[in-house]
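Visitor: Now for the letters of each chain:
2 protein chains.
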Amino acid sequence: MADFLTLFAPLDMHLHLRDDGMLRAVGPASAADFAGAVIMPNLVPPVDSLAAMRAYRDRIEAATADYDFTPFMTLFFRDYSDAELAAARDEIIGIKLYPAGVTTNSEAGVKEISGYDRQLSAMQELDIPLLVHGESHGFVLDREQEFLAVYRTLAKRYPRLRIVMEHITTAAAAALLDEFENLYATVTLHHLIITLNDVAGGLLQPHLFCKPIAKRPEDRDALLAAALGAHPKLMFGSDSAPHPRSKKEACGCAAGVFSAPTAVPLLADLFDRNGALASLQAFIGDNARHIYRLPEQDKTVRLVRKPQTLIAEFADLVVFGGGETIAWSVEGA
Amino acid sequence: MADFLTLFAPLDMHLHLRDDGMLRAVGPASAADFAGAVIMPNLVPPVDSLAAMRAYRDRIEAATADYDFTPFMTLFFRDYSDAELAAARDEIIGIKLYPAGVTTNSEAGVKEISGYDRQLSAMQELDIPLLVHGESHGFVLDREQEFLAVYRTLAKRYPRLRIVMEHITTAAAAALLDEFENLYATVTLHHLIITLNDVAGGLLQPHLFCKPIAKRPEDRDALLAAALGAHPKLMFGSDSAPHPRSKKEACGCAAGVFSAPTAVPLLADLFDRNGALASLQAFIGDNARHIYRLPEQDKTVRLVRKPQTLIAEFADLVVFGGGETIAWSVEGA
Numbered sequence: 004m005a006d007f008l009t010l011f012a013p014l015d016m017h018l019h020l021r022d023d024g025m026l027r028a029v030g031p032a033s034a035a036d037f038a039g040a041v042i043m044p045n046l047v048p049p050v051d052s053l054a055a056m057r058a059y060r061d062r063i064e065a066a067t068a069d070y071d072f073t074p075f076m077t078l079f080f081r082d083y084s085d086a087e088l089a090a091a092r093d094e095i096i097g098i099k100l101y102p103a104g105v106t107t108n109s110e111a112g113v114k115e116i117s118g119y120d121r122q123l124s125a126m127q128e129l130d131i132p133l134l135v136h137g138e139s140h141g142f143v144l145d146r147e148q149e150f151l152a153v154y155r156t157l158a159k160r161y162p163r164l165r166i167v168m169e170h171i172t173t174a175a176a177a178a179l180l181d182e183f184e185n186l187y188a189t190v191t192l193h194h195l196i197i198t199l200n201d202v203a204g205g206l207l208q209p210h211l212f213c214k215p216i217a218k219r220p221e222d223r224d225a226l227l228a229a230a231l232g233a234h235p236k237l238m239f240g241s242d243s244a245p246h247p248r249s250k251k252e253a254c255g256c257a258a259g260v261f262s263a264p265t266a267v268p269l270l271a272d273l274f275d276r277n278g279a280l281a282s283l284q285a286f287i288g289d290n291a292r293h294i295y296r297l298p299e300q301d302k303t304v305r306l307v308r309k310p311q312t313l314i315a316e317f318a319d320l321v322v323f324g325g326g327e328t329i330a331w332s333v334e335g336a
Numbered sequence: 004m005a006d007f008l009t010l011f012a013p014l015d016m017h018l019h020l021r022d023d024g025m026l027r028a029v030g031p032a033s034a035a036d037f038a039g040a041v042i043m044p045n046l047v048p049p050v051d052s053l054a055a056m057r058a059y060r061d062r063i064e065a066a067t068a069d070y071d072f073t074p075f076m077t078l079f080f081r082d083y084s085d086a087e088l089a090a091a092r093d094e095i096i097g098i099k100l101y102p103a104g105v106t107t108n109s110e111a112g113v114k115e116i117s118g119y120d121r122q123l124s125a126m127q128e129l130d131i132p133l134l135v136h137g138e139s140h141g142f143v144l145d146r147e148q149e150f151l152a153v154y155r156t157l158a159k160r161y162p163r164l165r166i167v168m169e170h171i172t173t174a175a176a177a178a179l180l181d182e183f184e185n186l187y188a189t190v191t192l193h194h195l196i197i198t199l200n201d202v203a204g205g206l207l208q209p210h211l212f213c214k215p216i217a218k219r220p221e222d223r224d225a226l227l228a229a230a231l232g233a234h235p236k237l238m239f240g241s242d243s244a245p246h247p248r249s250k251k252e253a254c255g256c257a258a259g260v261f262s263a264p265t266a267v268p269l270l271a272d273l274f275d276r277n278g279a280l281a282s283l284q285a286f287i288g289d290n291a292r293h294i295y296r297l298p299e300q301d302k303t304v305r306l307v308r309k310p311q312t313l314i315a316e317f318a319d320l321v322v323f324g325g326g327e328t329i330a331w332s333v334e335g336a
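For the protein sequence lines, the chains are A and B, in the order given.
Following this note's numbering, the numbering of the first sequence begins with 4 at its first residue and continues without gaps.
Following this note's numbering, the numbering of the second sequence begins with 4 at its first residue and continues without gaps.
Bound-form chain A, shown alone:
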């Protein structure tokens, strides 16, 4: 039984760092344990120009200056010119699509997206990955499944475009990884652990409420099996999404689970309990480095088998797994 585990350049491939005071609060939590992260562009207003992206990157670098941490930047999907795409290409890791026009009718969704053929073709030619929040506007439990038809259409129409299904939550989405060569996925920590039962089976737990919402046990089990089996097309992306407590414990609770401070030790504990510690390196870094063709980074994070009770609060934020006692700790944390 291993008592130490060294992770080489762990990556969080889906992260919300927000901005300003919140960025300064949560940035260090991710930067301490990760070598880099894919930064979501959904600020208000969204990060949808090279200038806005560079300014945001500067603010992130300032907030994480004490750490060896690389923010991999994204742009918010809109109708970019070929020149804009070419100019952005070397400074972004991908473009993030929130399909606002997609309805329960996935055909309509495809049509909506097919209006962007010029841009998607250009992204394919420039080798800019497309990151997708893949949900329809249908019934909350069906949204991801209804969106799979859009993924299929995109994957077929742009066979050289790397398409990342972000924060997948269903067995059906995981199965799609094996159907199309150019489809990849991120999965969160919490979707490997919780189901809708944890959110709403007892008292309602606003701090476990997120989008896409946690699904059925068989979905969670399929995602966990893929992660523990080091599926080469599946990457860790925390989707850590901080909201102040006043926005969570409220009439109209914002969606998002905040897991940045606890993700790495919780993942080690989860993989260890399932006898799959050997798969963690692939899941938390190597797969992503391969899929996104990222340069090597020499940061290491050392975990030790030392019980710890996870912090429950971080600034004004309730932390995923907080209060739990687990077997692994990040050394020096």
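Note that these hints are calculated values from the structure, not bench results.
Computed from a predicted model, the values in this text were never measured in an experiment.
Any given hint might turn out to be false.
One copy or two, it doesn't matter: identical chains are merged, so the pair holds either way.
As the list claims (entries may be wrong) - Once the Cα atoms are required to be at most 20 Å apart in a straight line, the calculated SDA-like pairs of lysine to any residue come out as:
| id | residue 1 | residue 2 |
| --- | --- | --- |
| 1 | K159 | I294 |
| 2 | K309 | A285 |
| 3 | K214 | D201 |
| 4 | K309 | I329 |
Starting from the known structure of chain A, fit chain B onto it as the hints suggest.
Guide: Only chain B this time, still in chain A's reference frame:
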């Protein structure tokens, strides 16, 4: 188009009035618009003796003394002696079963309940209805469906026992009404209107969180069709369940929707919008009077087609439908 509607002795066949200060606050809201209600016995400690039931009834009568309102009392299911059942019979409307021992395995549930054969046989002989919170301990969306096997077994084993499936939420439970003569059901107002999408499809809405949790659109539609069609075995039961705001907008939100102050006008509006005003009297009173063989009551509640914006707060409670403008008002309210 009718501009007035007189309801004769409307009944709420599933109501939580709580106790003490909360009872004094919410009791009048139900007593104003209803001629009577079936009072749930799940106080702490539960109402599980004739003496406790009588004392609780006295407190309810004191809290609703200004109104023509009859509390139909229930006892909390436990192992009652035949003498206790015989003594209670004329003062209770039924015994409410919360199947704490029922697991995801509905067979185990049946076995658990079959340990009460003597009592259930005695209830059948004494003609005391059995009111059931019919959920397994399984995955939150499957609990009612998993429990249906228990209903089937009970209905077959005690063919003269009137069994009421409380607050049904699924199309499958509604269908069971037509399968067994001795199965009846209550349904809430909110389960005729909302689905899980309203609870968790946008921002999470703690004030719409209840048990059993709201289900799929096709479930809601089946329940609504049965209510609008005046299904003779389906009764209105609000399951109005007040929790102070601090217990709802919280880390660990209590289950319950508070609809007592708005239920009658909202039902009139709902039935009217669906062209089924003529079915409301059956749903909100006549069916229950027939099923439970209740004496006639001469209270009437008169509704007028007069737009109103429903109150959003009642004491410290957030009210179902609050803030909505609807076409019907209770006259004099």
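Visitor: For every hint, state whether the structure bears it out.
Guide: Taking the hints in turn, this is what the structure says about them:
1. When the C-alpha separation of K159 and I294 is checked against a cutoff of 20 Å, the pair qualifies only within one copy, where the shortest distance is 18 Å, while the shortest distance between copies is 59 Å.
2. For the identical chains of this complex, K309 and A285 are neighbours neither inside a copy (23 Å) nor across copies (65 Å), given an alpha-carbon limit of 20 Å.
3. Both within a single protomer and between protomers do K214 and D201 lie at most 20 Å apart by alpha-carbon distance, with minima of 14 Å and 14 Å respectively.
4. For the homomeric pair K309 and I329, the shortest alpha-carbon distance inside one copy (8 Å) is at most 20 Å, but the shortest distance between copies (60 Å) is not.
Comparing the model with each earlier hint shows a violation of hint 2 alone; every other hint is respected.
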